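From first to last, the protein sequence lines stand for chains A and B.
Counting along the first sequence from 1, when you hit position 133 you're at 133 in the working numbering, and nothing is skipped either side.
Counting along the second sequence from 1, when you hit position 172 you're at 172 in the working numbering, and nothing is skipped either side.
Since the hints were made in silico from the structure, they are not lab data.
Note that the coordinates shown come from a computational prediction; the quantities given were computed from them, not determined experimentally.
Glycine included, each C-beta is placed from N, C-alpha and C at the ideal position.
Take the hints with a grain of salt, since some may be wrong.
Claimed, not checked - Derived DSBU-like pairs (lysine-lysine); straight-line CA-CA distance at most 30 Å:
| hint | chain 1 | residue 1 | chain 2 | residue 2 |
| --- | --- | --- | --- | --- |
| 1 | B | Lys83 | A | Lys4 |
| 2 | B | Lys208 | B | Lys198 |
| 3 | B | Lys198 | B | Lys83 |
| 4 | A | Lys49 | B | Lys128 |
| 5 | A | Lys49 | B | Lys75 |
| 6 | A | Lys49 | B | Lys67 |
| 7 | A | Lys11 | B | Lys128 |
| 8 | A | Lys195 | A | Lys242 |
| 9 | A | Lys79 | A | Lys105 |
What the hints assert, rightly or not - Okay, the calculated beta carbon distance ranges per label pair:
| hint | chain 1 | residue 1 | chain 2 | residue 2 | range |
| --- | --- | --- | --- | --- | --- |
| 10 | B | Ala169 | A | Arg244 | 48 to 58 Å |
| 11 | A | Asp57 | B | Cys62 | 24 to 34 Å |
| 12 | B | Thr132 | A | Ser136 | 51 to 61 Å |
| 13 | A | Asp121 | B | His8 | 15 to 25 Å |
| 14 | A | Ala241 | B | Cys62 | 48 to 58 Å |
| 15 | B | Ala64 | A | Asn141 | 48 to 58 Å |
| 16 | B | Lys75 | A | Asp207 | 42 to 52 Å |
| 17 | A | Ala241 | B | Leu4 | 44 to 54 Å |
| 18 | A | Ser136 | B | Gly81 | 51 to 61 Å |
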Amino acid sequence: MNLKLHIWRQKNNKANGAFEQYAVSDISEDMSFLEMLDVLNEDLIVEGKDPVAFDHDCREGICGACSMTINGNPHGPEKATTACQLHMRKFKDGQEVYIEPFRNKSFPVIRDLVVNRSALDRIIESGGYISVKTGSAPDANDIAVAKSKADVAMDAAACIGCGACVAACPNGAAMLFTSAKLKHLNVLPQGQAEKKKRTLAMVDQMDKEGFGSCTNHYECEAACPKSISVEFISEMNFEYAKARATAYRD
Amino acid sequence: MSTLEGLHVIGEANFSDHGANRLGASALMQGLADGYFVLPYTIGNYLAKAELKKIDADTPECKATVKEVEDKINKLINVNGTKTPSYFHRKLGKLMWDKVGMARNEAGLKHALEEIPKIREEFWKDVKISGTGAEYNISLEKASRVADFLEFAEIMAYDALDRDESAGAHFREEHQTPDGEAKRNDDDYRYVAAWEYKGVGQRPELHKEQLEFENVKLAVRSYK
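Just chain A, same shape as in the assembly:
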């Protein structure tokens, strides 16, 4: 198939960016979206032009590196799918495709489609771990975890930290990300001791990074390649209010 691409080109964080047009031809429908971009880049290099910079690593939907918005949707048109696992058969021959980086003030563009998502790392650094010393690893099933809780923790832990939720949100909020990371630890026995401290620290860091707040658009859940539920956001708000209200005791 042949496609007409409009790709956001931006040399660095200081330069102005703009869409540029490229034509790609003989694209196999079995290629992934990133492989289609690889084909374009091979041609660009041979022509002596700069290839389109984009982040990628595992190309199997688990690393969270790809960060492009395709025709207005972070990761493209397919539900619950990262850009690397999006196949060209989802596009029509002759289609025009607009490709741009994940947009957010807290995600400065490094080059073209590559953005700096360290803000999410700093949210994790502020409390996304368990520092309680628990001694040697206990025998399996020593600490009983209800199946329902284990399932919820697993659902939350499915977040790959790609930032699609942030790019999809009209408010530029990182609440789906932060709430998933909180839930995954807060629901398990090991996470209880630091629950309050963790909730306050991560939400405060999220605000400090300049992300917006949730006003229930639910665009994040729709864009999330791992279908993380917005229910985690309501719970984060609840836990944050509780932690804030009782912080005087600590």
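Following the hints, position chain B against chain A.
Positioned in the frame of chain A, the structure of chain B alone reads:
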């Protein structure tokens, strides 16, 4: 800690209970086990006691390394040939897949050892990289990796040729049981091969680290 002060090797790379096998679950389990049991008692302890002095960028070692990297980048960019880094990556990959894959034999490995230097030579004559070394440059990054692969691939082939037995994922077709299982030769190859890099295109030097088995006896592993 490795033999280099301050360089810790842990998880998938630690090289202990799984030998040289880095396939799937054993690599993952090594990462999990080391992270859970070993990491909390090692690196934290080291960092707590280590004098992590600030290293001055003016030290001769630092200057020499910066110069070496800059020279390599300039050399890569100045080739200004006609073929992309991915072209060479695929060409090398195909050769390695065919001749230095899980099943390999003497003729194939010798062929690979003839071909790898040719691909490397072509790479350094004809690779094309866009842009400069002073910017975020994906084709330069790829070319740097491929340049490394072109050196490392040769050592892999030397090692596979030298180890004239089958062991684990190293299946030398010449050495198999009648029903197609790997046939080890513990008398001659009960060692870890540590290859010393001697420069591009130079035959690496083999250092044998003998394996002594005191508590367990070597046996044939059978999945049947």
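Evaluation of the provided hints:
Taking the CA atoms of lysine 83 of chain B and lysine 4 of chain A, the gap is about 25 Å. The hint holds against a cut of 30 Å. Under the criterion of a C-alpha separation no larger than 30 Å, the hint pairing lysine 208 of chain B with lysine 198 of chain B is consistent with the structure, at around 16 Å. A C-alpha spacing of about 28 Å is found between lysine 198 of chain B and lysine 83 of chain B, which places the hinted pair at or below 30 Å, so the restraint holds. Pair hint lysine 49 of chain A plus lysine 128 of chain B holds up; C-alpha atoms about 11 Å apart against a cutoff of 30 Å.
In summary, the hint linking lysine 49 of chain A to lysine 75 of chain B is supported, as the alpha carbons are separated by about 19 Å, within the 30 Å threshold. A C-alpha spacing of about 27 Å is found between lysine 49 of chain A and lysine 67 of chain B, which places the hinted pair at or below 30 Å, so the restraint holds. For the hint pairing lysine 11 of chain A with lysine 128 of chain B, the CA-to-CA distance comes to about 20 Å; that is within 30 Å, so the pair holds. Proposed proximity of lysine 195 of chain A and lysine 242 of chain A is supported: the alpha carbons are some 11 Å apart, at most 30 Å.
Our distance criterion of 30 Å between C-alpha atoms is met by lysine 79 of chain A and lysine 105 of chain A, whose separation comes to about 25 Å. For alanine 169 of chain B and arginine 244 of chain A, the Cβ-Cβ distance of about 55 Å falls inside the hinted range of 48 to 58 Å, so the restraint holds. For aspartate 57 of chain A and cysteine 62 of chain B, the Cβ-Cβ distance of about 29 Å falls inside the hinted range of 24 to 34 Å, so the restraint holds. The hinted window of 51 to 61 Å between threonine 132 of chain B and serine 136 of chain A holds, with their beta carbons roughly 53 Å apart.
A hinted range of 15 to 25 Å for the beta carbons of aspartate 121 of chain A and histidine 8 of chain B is consistent with their spacing of about 22 Å. A C-beta distance of roughly 51 Å is found between alanine 241 of chain A and cysteine 62 of chain B, which places it inside the suggested range of 48 to 58 Å. At about 56 Å, the beta-carbon gap between alanine 64 of chain B and asparagine 141 of chain A stays in the expected band of 48 to 58 Å. The hinted window of 42 to 52 Å between lysine 75 of chain B and aspartate 207 of chain A holds, with their beta carbons roughly 48 Å apart.
At about 51 Å, the CB distance of alanine 241 of chain A to leucine 4 of chain B agrees with the hint of 44 to 54 Å. Hint check: serine 136 of chain A to glycine 81 of chain B, Cβ distance near 57 Å, so the stated range 51 to 61 Å holds.
In summary, this structure violates none of the numbered hints.
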